[in-house]
Amino acid sequence: MNTGPLTAPTLTLRRLLMSTSLTLLPPVLLGGAGATGIDFGVAYRSGQGTLLDSAWARVGVSDVDFLGGAVSAGVSTRAADLAYARSLSLPPLGAVTSRSDLAVTWQGGVRLSSRATASLGPVALNLGGAYFTTSALNVDPLAAWAAAPTDLRAQGWNADITARYRVNRTLVAVAGGEFGPQNHGLLGVEGRRELTRTLPPAEGDDADTPPETETTGTLTWRLGARAGQDVLAATAGLSYATPAGLSLAVDGLLGPDDLGLSASVNAPDTLGEGSTLRLYAAYEPWRTASAPLRVGAEYGRPLGAGQLALNVSGGRDRQGVSGFGARLGYRLTLGAASPEQGPPEEGGPQTP
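In full-length UniProt numbering, the protein residues as written are 1 to 352.
Do not rely on the hints blindly, as some may be mistaken.
Said to hold, decoys possible - Derived CB-CB ranges, DEER-like:
1. Q107 / R193: 50 to 56 Å
2. L199 / G228: 45 to 51 Å
3. V42 / A148: 18 to 24 Å
4. A236 / D65: 56 to 62 Å
5. D65 / A173: 34 to 40 Å
6. N168 / G255: 39 to 45 Å
Simulated from the structure, these hints should not be mistaken for laboratory data.
Note that the structure is predicted; figures quoted are calculated from it, not measured.
For each residue, glycine too, the CB sits at the ideal point set by N, CA and C.
Please model the complete structure; the sequences and the hints are all you need to start from.
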């Protein structure tokens, strides 16, 4: 939304943020970082005793071009973190994408994780692993209630692998496994169907011309099974996505002694142009190392020369204790013009 020219206090604040963020970056990292961002975040989690124990704050940099990839780093009230991500295209074979994360808490705990995805013709692989000597909550206070299950043990390792084989245009075979706290394997199949509608004939169209159609959405179904340590169950799921970006998904797991259900909704542009909104809920008591109940809402929108993010989540842990938390973050993109400022006039000076 255009609200007029920037005021003097706004320009002063922007200069201060830019100058502060630049001092965080070594000169070797500044060159060529076209989409570098400065990240600010604060969070609160209930049930942590004092306010200092419940509060969390972080400042960092993200997407800094370095050695052909992107570096992100930050310092919070609980830990220092560093990440490196890189993508490699291998035409005509496929592509490889990887990301590694390292976090060291102020108490000396370490968390190291890595994930890679690769595609080779009709085969796609997704591999991940982690080693840690401290709980994920000592790095991210809201980790327990993320949409994806988080290993909440104080120390250990975990790994997972998923292979997908595209049988044809609409059918995919899936095989994989999870290892560490709960070793088990999974097998499944996924199918996809495009939903279309017939367009009314235009004036002057030949009556013998076949009617035109347009895609209104894509329906994806999933069937499979999980078997292994403390789990034996069938799985099923259904997803729907529209060309505009709206998507809905629901998945279930059912066995003799196991039950699970998860659902999510993604609705872009619902609360303003350029906004994102995601709602999710998961009930997975069959998992032995993650919170059995997790719910949350994630909202984001452009603001000035950056992106505002608000996350609210909660749930119940394996001991039956409920809690909630909230996180507010802002990513300032260096060199980006805000909607209020607009693009600089050709040949004219740029406003700081």
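Which numbered hints fail: Numbers 4 and 6, in rising order.
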